[in-house]
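2 protein chains.
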Amino acid sequence: MNSQEIECLVRLFSRLPGFGPRSARRVVLYLLRDPQARLFPLLQALEQAGSSVSICSVCGTLDTVDPCHICTDRERDQGLICVVETVGDLWALERAGVHRGVYQVLGGTLSPLAGRGPEDLNVTSLLHRVETGNVREIILALGTTVEGTATMHWLTETLACYTGVIVSRVARGMPIGGALDMLDDGTLAAALSARHPI
Amino acid sequence: MNSQEIECLVRLFSRLPGFGPRSARRVVLYLLRDPQARLFPLLQALEQAGSSVSICSVCGTLDTVDPCHICTDRERDQGLICVVETVGDLWALERAGVHRGVYQVLGGTLSPLAGRGPEDLNVTSLLHRVETGNVREIILALGTTVEGTATMHWLTETLACYTGVIVSRVARGMPIGGALDMLDDGTLAAALSARHPI
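Protein chains in written order, with my numbering: chain A, 1 to 198; chain B, 1001 to 1198.
Bound-form chain A, shown alone (with noise of 0.2 Å):
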């Protein structure tokens, strides 16, 4: 009964993450009660980002310009690479202001299961990077996940090859600001293996 323009609104954005229908209905009748206010500034803003944003060929990150901001920054350590599996991941670092170096975005994890295989991440480039310029360190910031260990066993391999390159992993233990109850025993685990004289 609404119009077809309406439906293919819903439609769409009930298919975005996190969406059902009745969170899309929400949103469409948010937007469309206020056009001036709400849809056309969002219209814009995504026709901007669509014409302007791609990926950045060196890192593997998002940004309007190719090679992106990061990865041109001469004020950026270059020779430190932190390997992320998303461009989320990226982000989160880059909120929380605590890698001065720059990145490597896998597009996801190695997963036998799902058919994901090492030709499937975006590697090349590092191995590039690796190869000609001057690499001293490589993070890897890898979800804590069965796929993402398995990628960093991956990794770590494939880059031992190279020597005078230190391949490091964040560390994992206890969060900060957590209590220790409300914690899972794989967490447990490894801060109590990981544990430092103080």
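One or more of the hints may lead you astray.
Simulated restraints on C-beta separations [unchecked claim]: (1) B/R1095 with A/A37: 21 to 31 Å; (2) B/A1096 with A/P67: 36 to 46 Å; (3) A/R22 with B/D1184: 17 to 27 Å; (4) B/A1037 with A/E7: 13 to 23 Å; (5) A/G186 with B/G1178: 39 to 49 Å; (6) A/R22 with B/Q1004: 25 to 35 Å; (7) A/G186 with B/Q1004: 37 to 47 Å; (8) B/R1195 with A/G177: 49 to 59 Å; (9) A/G186 with B/D1073: 39 to 49 Å; (10) B/M1174 with A/R22: 33 to 43 Å; (11) B/D1073 with A/Y30: 20 to 30 Å; (12) B/A1037 with A/P41: 15 to 25 Å; (13) B/R1136 with A/R22: 57 to 67 Å.
Rather than coming from a laboratory, the hints here were simulated on the basis of the structure.
Cβ atoms here follow ideal geometry from the backbone N, Cα and C, with glycine treated the same way.
Given chain A's structure and the hints, the job is docking chain B onto it.
Same frame as chain A, but now just chain B:
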């Protein structure tokens, strides 16, 4: 560190109902990972809906034509008007396919606390239809909140002067498929007091 275009898109998405910064980033990443298949179709749908959808001058719903499809549908009972709070309520009734008359969308409820009085409700066109048309019955299908109930009382009084028009309200009671011990006190009381012989 992200480009301005991405930041702007994330900010606009995080203002949508049900969104926060985290879910907005997730959606933006999802869209930008495959613009051809994800971002551009959404862009196009927003463009079409934004340029074509307007408010029906008769009932107040959203549609691409004015008067809307429902108001001009000769197969629907134009003498039976169902009064709802929002366009979302109208959509819910249409999905259920249980109302074969037409609608009046108030656009909200009376709320002295929020400063919303009768002048903020879309009732002029309802009264106009009652005065000029062959309206037989008006069904009040408002929320069973304090504000919905207050609006219902006010509307009943306002419509009382039009003799010959039946003003009814949707029944209150147990929802279908509901277990008795899962219901709140208010619903139980309403269901019990509205009992009828079988």
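Cross-check of the supplied hints:
Take B/R1095 and A/A37: their Cβ atoms lie about 28 Å apart, and the range 21 to 31 Å holds. The hinted window of 36 to 46 Å between B/A1096 and A/P67 is violated, with their beta carbons roughly 54 Å apart. In this structure, A/R22 and B/D1184 meet the distance hint of 17 to 27 Å, their C-beta atoms being roughly 21 Å apart. One distance hint, 13 to 23 Å for the beta-carbon pair B/A1037 and A/E7, holds here, with the actual separation near 19 Å.
The hinted window of 39 to 49 Å between A/G186 and B/G1178 holds, with their beta carbons roughly 41 Å apart. For A/R22 paired with B/Q1004, a C-beta distance near 33 Å keeps the hint of 25 to 35 Å intact. At about 40 Å, the CB distance of A/G186 to B/Q1004 agrees with the hint of 37 to 47 Å. Evaluation of the 49 to 59 Å hint for B/R1195 and A/G177 yields a pass: the beta carbon distance comes to about 54 Å.
Separated by about 60 Å at the C-beta atoms, A/G186 and B/D1073 break the suggested range of 39 to 49 Å. Taking 33 to 43 Å as the suggested C-beta distance range, the pair B/M1174 and A/R22 does not conform, at roughly 22 Å. Range check, B/D1073 to A/Y30: about 27 Å between beta-carbon atoms, so the 20 to 30 Å window is met. Here the CB-CB span from B/A1037 to A/P41 is close to 24 Å, well matched to the stated 15 to 25 Å.
At about 33 Å, the beta-carbon gap between B/R1136 and A/R22 misses the expected band of 57 to 67 Å.
The structure fails to meet hints 2, 9, 10 and 13 from the earlier list, while all remaining hints are met.
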